[in-house]
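Colleague: Chain residues, written in single-letter form:
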Amino acid sequence: MTDTRKITVTVNGKSHTKEVPTRLLLSDFLRHELLLTGTHVGCEHGVCGACTVLIDGRSARSCLTLAVQANGHEVMTVEGIAPNADELHHLQQAMQDHHGLQCGYCTPGILTTLFELLRDNPDPSEHEVRSAISGNLCRCTGYQGIVEAALDAAQKMRAGARS
Amino acid sequence: MSNPVADLKNISGEPQIGKAIKRLEDPALLTGKGRFVDDFHLPNMLHAAFVRSDEAHAKINGIDKSMAKAVPGVHAVYTLADLPKRFHNMRMHGMPNPHVSQNIMPYVLAKDEVCHVGEPIAIVIAYDRYIAEDAAALVMVDYEPLPTAGDCRAARQPGAALAHMNSPNNTAAEMHFGYGDVDAAFKNAAHIVREDLFMHRGLGHSIEGRACLCHYDEFTDHLTVYAASQGPHAHKRAICGLLDWDEERVRVVAYDVGGGFGPKMSFYAETIVASVASIMLKRPVKWIEDRREHFNAATQERDQYWDVEMALDAEGKILGLRIDMTHDKGAFMPHGTILPHISCTTVPGPFIIPAYKIDCHVMLTNKPPVAPVRGAGRPQAVFAMERIMDAAAAKLGLDRAEIRKRNLIPAEAMPYSMGLTFRDGKPLTYDSGNYPQLLKQVMEASDYNGFEARKAEALKQGRYIGIGIASAIEGTGLGPFEGATVRIGPSGTVTLLTGAAAQGQGHVTTFAQICAEKFGIAPGDVRVVAADTAVIANGTGTFASRQAVNAGSSTHLAAIQVREKVLQIASFILEASPGDIELAGGNAIVKGTDKKISFKDISRAVTGQSGYALPKGIEPGLESTRYFSPEQAAYSSNTHIAEVEVDIETGGVKVTGYWIAHDCGVVINPLVVQGQVQGGLAHGIGNALLEWMHYDPDTCQPLTTTLADYLLPTADMVPKAEISHVVSPSPLNPIGVKGAGEGGTIPAPAAIISAIEHALSPFGVHLTQAPVPPHHLVDHINKGRKKAH
Amino acid sequence: MKPAPFTYHDPQTLDEAYGLLATLENARVLSGGQSLIPMLNFRYVQPDHIIDVAGIAAISGITYKDGILKIGAMTRQREIEYSDIVATHCPLMREAILQVGHRQTRNRGTIGGSLAHLDPAAELPLVACAMDGMIHLGGSRGTRDVAFTDYALGFMTTAIEPDEMITGVSIPTWKPGHGSAFVEFARREGDFAIVAIAALMEIDASQTITRAALAVGGALATAQRLPEAEAILVGAKANDETFRAAGEACTQIDAVEDVHAPASYRKSLAGVLTRRALKAAAERTK
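Chains as they are written, first to last, in the working numbering: chain A, 292 to 454; chain B, 250 to 1038; chain C, 13 to 298.
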């Protein structure tokens, strides 16, 4: 008999209540129960970082989190980064400008990780950016475009905050 | 960066080839709107998990699936015997060639013998993946363990354990290539150098694993397979072949694919078994490879041993090269001998080698099958060549750059014929290139000549820095063909349809650029539908850095044909000469007038009206399909210089600087090429320093099956590559392009290892393998210290 | 790679948790999940019951009193990283925590989870070892405090009984002005160390070492102290010669061998990193 729980999780500002198996991973809950497929799964043992989401504003591996552990918490996924449907966030725009993505599979985890970094540290050094994404594996880009994008977005966000 | 072969008469407005257009693919991928296989949720969909061999080599005496079938939520458990009869004695299709003596391919599910850990034995279909895995763990396989063939060199020895119980020996193929009188070269040599080298390469490790969603629809009697595939058309043909179905009944789609790097070009048993399961159950079946499966069941690269001898004259000119190479092919023969063949023919590279001989032994072992991973056997060959060049430089007391200069093929010698047959079956002829310029350019960029002074300065501070050079020539853009349809439909939108699948290469953008300039529109105005067998009849796939050449050229040719038709019809309707008409903003306009007609109206004009004839000489429709088929490979070239610092106490290596001079012919999109080269470098750094798939030498059990044990390069390990271009347009295709997907990877291990050896020259360290883990370096340093005492 | 089925419990008090531990067979405590959930996903462990202790407020938090730094088991590594108390009173732990995994795992991972998992190369157990940490265990039979040396029994094996759980750890802090260093060698940033060294030192006005502690991680089945090297240090001058001698003593450990590194390399690294850690610790004394 599958052990289930009714959980309520706020995702990108919207509350969802669902009865889920208690062994269900948060990554699978987001992808297959809520059909928010932007969060990707790469290794399911917490190394690749593709599944990174923010839980109560802090980055976390959704493959190393049970959906029941998110009960009563707020989750932000890649779908929640852009300010609206027609506009990209500075970070997203910078990723396009600097060719910070190729296949796009690790990208959601990179974006959520950098979203947290730039919120906590609006003026990171290149070393701090590299360190922040050292838990995100990208097999395509060689990281350079991502690092340049993060630094550029940080600069634009600081300028935006000043204006 | 402009296109030197552009024919401006085919272009309206601004040329788009050569522009750093921001990728059109990105907005969807940045907002979580990708369409990867696991993003599809079909009604009634079921989920598959595979029961896989725990044993590296065993007889199967029985399989008990009763417990698994009893798990609530399980819909089916199939072994080979449960599949339709036609599969019971059918093996996966291989690629036979005259070199191959044992072309062993697996059954779609193991029959009575398993030959590597991870080999699929049964499929479990369940309500969700969790339940499927529960049940898979309950399938009881009665194994009778057999001895294993592990190391490929040991597997060559008489009496070695057999990788397949019914084989006479472990040799899958013996290959011999060469030209010229090698024995004479060695007889006349002033100097002979030799190296025994080992190179290990690992897995593809796209961050998205393999995946398929197989949907057999009983109502239409049609199978659609959404696949994480590098070659949708190739995979469709494989499915049709295995099912014995005609192509109209199968569609393969690969919209977004999360990285490929080679392993997703192979066609695997999992796809056909999930397809058959869907047909049997009449429901969609999804299989998503997890990371453990990628380690054990996706094709990978692995071990090559190289015994290399080089003969030189007194001035350091190469006279001859003699090689014996042993290649670990793993348990089965997917892609035949393509990989070792490429290794064997890549060795000479940019150098003049008057006489060459290589004997290659392709060995079966009890490890996962070996097939191309980004670079496809070339990094090993370049490693062999560049290591022996360094050895020769040392022996002759020449600078490493100087000995290379003395042996490079001069630009005037192009096209240059090697005297070998490449794996495309054509004589190995370099179509164009300027190798001395690449070396000169990268030496200047890195201040190679100033390095010895920097090294001496660093040594004073107790820092050990080194520099290394390596070059590669890469046959890209291989045939047989790829295709593209350009169509202007009733909406007036220019649509491009192609089978070419992208796994991050930015095809949508680059093909849109090639197409857009013919119509005077922006690349973003072209609608591109790619990697869907439903949109174009034929295709091949994405491998060997081939799609810019093949699909790019097809797009170019099809777009020109449609452009001409647009001009022809516009000229008829607007009563003007085609030469007076230009295309802009989705209209054909008579230059200098306000007379114009929209693409929309032109498109409608050529659909005709019911009952009326089309004007004379006008074919219906505004579309063209072209299949470009290159006559041979287009040879890209590049030279790398790596700078490293080694911590002599820990063996830690930091790549502190990296320069690449790169020639991929005409650059369609500099941003994309830059990304390909930089990303390729990361893979090369992995091969030089980190990535090692370990197996127990006695049992062939895999030992590094997590990403915490098998190490991929991270952001803190990959420096920025300073990239400069040399543009030698290829005469072999209409847009002058060559492949750019692998040049960042191929010479990187050779350049980095050379740099490490150089850094450790005070200890007399000599490196003969890649990758080099830190403990190897510490051992070498300690030995060097002892010698010095 | 999905977890095998289990029954999930989320007690809100310690007594409730103790009750569950006493009655349930084959139960595992879940805190941050950064070590346990990978094991579940690989099905290396298949507990019948998961007891999620995140809701127990009593085992979360950082306090400092009378020279003892006390950290609740459920305290996230991130909170330790950003804690002024830790930075002030236990700089070794602050330096170590920055080398634990990545931002994403520190946000979720807990000190209790790290101590319970007891990976031989993990940073936090090494700090507990070097600083004579006391592990607080609790269960329905009562509570007990176990010194790290008695707690770490062997390779990923602790003294926690099946009906017990970790509630926290107490670290006796060193005098203000002491120096410490946490030095590790890992292949990439955030990886488990091949070898890690934790060093603490107090020196007097004449540059004589009056107190020293050294511990090694990654090289043995579990984090361990290096008493021979400590003996060399105490009473000696804080200089390169002393550090070299201590480092040399550390190369005598009976290091483990695995696919990543042979024993000889781990021994040699232990010596190098000890010397580097001692030098850095000495420089940080005030």
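Among the hints, erroneous ones may be present.
The list that follows gives simulated cross-link-like pairs (lysine-lysine, DSSO-like), each with its CA atoms no further than 30 Å apart [to be verified]:
#1 Lys1035/B - Lys187/C
#2 Lys1032/B - Lys291/C
#3 Lys258/B - Lys271/B
#4 Lys309/A - Lys282/B
#5 Lys447/A - Lys704/B
#6 Lys969/B - Lys447/A
#7 Lys709/B - Lys187/C
#8 Lys297/A - Lys318/B
#9 Lys1035/B - Lys291/C
#10 Lys644/B - Lys1036/B
#11 Lys282/B - Lys297/A
#12 Lys704/B - Lys291/C
#13 Lys1036/B - Lys249/C
#14 Lys305/A - Lys282/B
#15 Lys709/B - Lys279/C
#16 Lys282/B - Lys447/A
#17 Lys709/B - Lys291/C
#18 Lys282/B - Lys318/B
#19 Lys271/B - Lys447/A
#20 Lys291/C - Lys187/C
#21 Lys566/B - Lys654/B
Some residues of chain C that are not near chain A, with every Cβ distance over 10 Å (derived) [what the hints assert, rightly or not]:
#22 Asp64
#23 Lys82
#24 His129
#25 Arg156
#26 Thr161
#27 Asn251
#28 Arg256
#29 Asp270
#30 Thr297
Simulated from the structure, these hints should not be mistaken for laboratory data.
All of these numbers come straight from a predicted model, not from anything done at the bench.
All C-beta atoms in this analysis are idealised placements derived from N, C-alpha and C, irrespective of residue type, glycine included.
Colleague: Does each hint fit the structure? Answer for all of them.
Modeller: Results of checking the hints against the structure:
1. Lys1035/B - Lys187/C: Status violated; Cα separation ~44 Å.
2. Lys1032/B - Lys291/C: With a Cα-Cα distance of about 27 Å, the restraint between Lys1032/B and Lys291/C holds, given a limit of 30 Å.
3. Lys258/B - Lys271/B: Holds: Lys258/B and Lys271/B sit about 26 Å apart, inside 30 Å.
4. Lys309/A - Lys282/B: holds, 23 Å
5. Lys447/A - Lys704/B: Measuring from Cα to Cα gives roughly 40 Å; hence the hint is violated.
6. Lys969/B - Lys447/A: This hinted pair holds, its Cα atoms lying about 22 Å apart.
7. Lys709/B - Lys187/C: It is violated: about 39 Å lies between the C-alpha atoms, which goes past 30 Å.
8. Lys297/A - Lys318/B: Cα-Cα ~29 Å, so holds.
9. Lys1035/B - Lys291/C: Measuring from Cα to Cα gives roughly 26 Å; hence the hint holds.
10. Lys644/B - Lys1036/B: holds, 19 Å
11. Lys282/B - Lys297/A: Satisfied, since the Cα-Cα distance of roughly 28 Å is no more than 30 Å.
12. Lys704/B - Lys291/C: holds, 27 Å
13. Lys1036/B - Lys249/C: Violated, at about 34 Å.
14. Lys305/A - Lys282/B: holds, 18 Å
15. Lys709/B - Lys279/C: holds, 28 Å
16. Lys282/B - Lys447/A: holds, 25 Å
17. Lys709/B - Lys291/C: Holds, because 21 Å separates the two Cα atoms, which is no more than 30 Å.
18. Lys282/B - Lys318/B: Status violated; Cα separation ~37 Å.
19. Lys271/B - Lys447/A: holds, 18 Å
20. Lys291/C - Lys187/C: Distance of about 19 Å is within 30 Å: holds.
21. Lys566/B - Lys654/B: holds, 10 Å
22. Asp64: Given that some Cβ of chain A is not farther than 10 Å from that of Asp64/C, nearest at about 7 Å, it is violated.
23. Lys82: holds, 24 Å
24. His129: Check passes; 13 Å lies beyond 10 Å.
25. Arg156: Holds, since 29 Å exceeds 10 Å.
26. Thr161: holds, 30 Å
27. Asn251: holds, 32 Å
28. Arg256: holds, 31 Å
29. Asp270: Since the minimum Cβ distance to chain A is about 18 Å, Asp270/C lies beyond 10 Å and the statement holds.
30. Thr297: Non-interface label stands for Thr297/C: nearest chain A Cβ at 27 Å, farther than 10 Å.
Of the numbered hints given earlier, the model fails hints 1, 5, 7, 13, 18 and 22; all others are met.
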